[in-house]
Amino acid sequence: MSGAEKIDVTVTEIVPVNALVKRFKFERRDGGLLPTFSGGAHTVVEMKDGDITRLNPYSLMSDPMDQSAYTISVRRDDEGRGGSLFMHNKVSVGDEMVISYPVNLFSLDLRAKKHLFLAGGIGITPFLSQIKQCERLGDAWELHYACRNAALGSYVDELTAAHPFEAHVYYDDEKQVIALENLLNGQPIGTHVYVCGPKGMITWVRATAEKLGWPREAVHYEEFLAPQPGKPFEVRLAVSNKTIQVGKDESLLEAMERSGVDAPYLCRGGACGQCETRVIDYAGAFIHRDHWLEDDEHASGEKIMPCVSRFEGKTLVLDR
Amino acid sequence: MSKFEFPKSILSRPVWGTLEPRRGLHHLMIADAEGAEAILDVATPEMMESAHIIFIPKGTDYAKRLRALNPAQFYDGPSYAASVTRIQRVLLGAKMSTQVYLSGTESLMGQAMLECTNAGIPHTAIQTEHRGSTARRMQCVHCKGFTEDVAIDPFVCSHCGLNLFVRDHYSRRYAAYQGVCVDAEDPGNVPPSKGIYP
Numbered sequence: 001m002s003g004a005e006k007i008d009v010t011v012t013e014i015v016p017v018n019a020l021v022k023r024f025k026f027e028r029r030d031g032g033l034l035p036t037f038s039g040g041a042h043t044v045v046e047m048k049d050g051d052i053t054r055l056n057p058y059s060l061m062s063d064p065m066d067q068s069a070y071t072i073s074v075r076r077d078d079e080g081r082g083g084s085l086f087m088h089n090k091v092s093v094g095d096e097m098v099i100s101y102p103v104n105l106f107s108l109d110l111r112a113k114k115h116l117f118l119a120g121g122i123g124i125t126p127f128l129s130q131i132k133q134c135e136r137l138g139d140a141w142e143l144h145y146a147c148r149n150a151a152l153g154s155y156v157d158e159l160t161a162a163h164p165f166e167a168h169v170y171y172d173d174e175k176q177v178i179a180l181e182n183l184l185n186g187q188p189i190g191t192h193v194y195v196c197g198p199k200g201m202i203t204w205v206r207a208t209a210e211k212l213g214w215p216r217e218a219v220h221y222e223e224f225l226a227p228q229p230g231k232p233f234e235v236r237l238a239v240s241n242k243t244i245q246v247g248k249d250e251s252l253l254e255a256m257e258r259s260g261v262d263a264p265y266l267c268r269g270g271a272c273g274q275c276e277t278r279v280i281d282y283a284g285a286f287i288h289r290d291h292w293l294e295d296d297e298h299a300s301g302e303k304i305m306p307c308v309s310r311f312e313g314k315t316l317v318l319d320r
Numbered sequence: 321m322s323k324f325e326f327p328k329s330i331l332s333r334p335v336w337g338t339l340e341p342r343r344g345l346h347h348l349m350i351a352d353a354e355g356a357e358a359i360l361d362v363a364t365p366e367m368m369e370s371a372h373i374i375f376i377p378k379g380t381d382y383a384k385r386l387r388a389l390n391p392a393q394f395y396d397g398p399s400y401a402a403s404v405t406r407i408q409r410v411l412l413g414a415k416m417s418t419q420v421y422l423s424g425t426e427s428l429m430g431q432a433m434l435e436c437t438n439a440g441i442p443h444t445a446i447q448t449e450h451r452g453s454t455a456r457r458m459q460c461v462h463c464k465g466f467t468e469d470v471a472i473d474p475f476v477c478s479h480c481g482l483n484l485f486v487r488d489h490y491s492r493r494y495a496a497y498q499g500v501c502v503d504a505e506d507p508g509n510v511p512p513s514k515g516i517y518p
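As you go down the protein sequences, you meet chains D and B in turn.
For the first sequence, position 312 matches number 312 in my numbering, and the numbering has no gaps at all.
Converting from the second sequence to my numbering requires adding 320 to each position, the first position being numbered 1.
Simulated from the structure, these hints should not be mistaken for lab results.
There could be a bad hint or two in this list.
Below, computed lysine-lysine pairings styled on PhoX-like, alpha-carbon distance capped at 25 Å [claimed, not checked]:
(1) D/K22 with D/K90
(2) D/K175 with D/K199
(3) B/K514 with B/K378
(4) B/K378 with D/K211
(5) D/K90 with D/K113
(6) D/K175 with D/K231
(7) D/K25 with D/K175
(8) D/K114 with B/K378
(9) B/K378 with D/K113
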C-alpha cells in the first residue's frame, strides 16, 4: 500500500472557527496514543464520498507532543473539487475516519537561531504546531500573519493573546501589508524564514529574500496544490496493463487508485516528488501543475506528477 | 601562482570554490596572505561600498592593494587568533542580507567558516576560494592539540611529540584535518617525511 501508514480514528470534536474554517479533532479508535510529530507536519485524510475516495493533506495544528489527539483546520473551498465541502458538510462528531501517519515536508531547521514565520490566510495552520514546538524548545520566533479581515482571521485572538510580542497580524481590508523588505533586512544572522500561504505570497517572499542576499537554504515554503478539475482524458498504464479514464473532477493519481493500481504518493499536493512517473509515449500536451519537477523536465515530456498534473491529447502511456 | 588543484579525495575532505559576486546588502570578506588575490578578483566598487574586509597578511604585502579597493571597513590583523574576536563581533551584529567570502589558506577558511556556522549561516551559503599555501591545520587525535601550517607527512605533534600521519579526514567542528600516530605498533619505525602533495 502506498503512502504513509494509516491510523483508524474517530472525529471527537468539530468547532466552527469562522465563516469559512472548521476545526476537526481526531482520536485513535483503539484508545491508544498517536505518534508525536514535528511542527509543520501534515496528515492525509481519507474521505469516502460516495464512489469517490479523496485523500487530502492537512497540516496538523495541535501540539506535536500531544499524543491524545490531532487537530486540523479545513477552509471551505466552494470552487474546489469537493474535499473541503465534504469535511464541512458531511463529517459529524462520532464519524470513523482514516488518516495517515504524520509526514513533514515543512519542518523547522533546528540549526536556526531564530524562526521567522510568514502566514497568509489558512496557511497559518503549520505554524500553529511549529510555534508550540518553538515554545517547548525555547527557540526564538516571530510570526507575521496576513488575513483578509478580522472576521476571517483564524486563531488571531488566541495567537495575539498568548504571544503579544511575537504574533503580528495584518488585515487586507484595512490595507495593512507586511513590510517585507524591512522585515527581512532586519533579521539577525542565523534566521530562517518559513512561508505558507497563497502562491503569490510565496513567490513574493522568495523573490524578496533572494534580492536581499538571503541564502536559499534559509528560505522554506510550503504550498499544497489542490488538484484542479479539467477535461477528462484517457491513460494507458503499461505495467498494470490497464487503460483508464480520468474524470473531470478527479486527479490522475485518484483515477489510478480507483482502478486498483497501487501508485506511490505522499503529499498529494505536487511538492514531495513521491508520485513522479515516467512517460513512455504521448501525443498531446501536458498540463504540469507541480512544483517538484524542473522546468526542463516539464518541457521534456518524460515525466509527470499524477497527483496534480493533467494531460490533454490523444495518447498518454505511463510506466506504471 | 597562488592557485593549486587539490587531488580528488575522500568525501570528508572540503572542496573549495571560486568567489563570485553575490547580491546582498553587506559583504563580509575574510582572507589571509594570497587569499587577497581572490578578493581583488571578485571586488566591484558597488560591493566595496558595503564591504568589511578582514585581512591577515602573514608577511605578504597585499594590504595596500586591498585598502585601495576602498571598502567600507578594513582591518589588518597580525594573526587569525588576533582577528577572531573581531570576526565574532561582526557576526554578532550581522544581518541575514550579509554575504560571506573566505579566501586563502585552508586553516583560515576552515576556522572562519566555523565562526560563521556557529553564528547560524548554513555552510553551503558561504563562499570560499583557496589561494596560497597548501599547508594544513592539523589536530592530533591523541592529545587533541592543534599544529598549524603542516606541510609534511608524517610530522611531529607540536604538543605531545607523537609522529603523526596526515589524513584527509576533516573535522568541520574543529576546522582541522586529523593526524594519527604513524608508529604506534612499532615505535620509532617512522617513514621519512615528504611533502603532503606529490
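Results for each hint:
no., hint, verdict
1, D/K22 with D/K90, "holds, 12 Å"
2, D/K175 with D/K199, "holds, 20 Å"
3, B/K514 with B/K378, "holds, 24 Å"
4, B/K378 with D/K211, "violated, 36 Å"
5, D/K90 with D/K113, "violated, 44 Å"
6, D/K175 with D/K231, "violated, 38 Å"
7, D/K25 with D/K175, "violated, 34 Å"
8, D/K114 with B/K378, "violated, 37 Å"
9, B/K378 with D/K113, "violated, 34 Å"
When each numbered hint is compared with the structure, violations occur for hints 4, 5, 6, 7, 8, 9.
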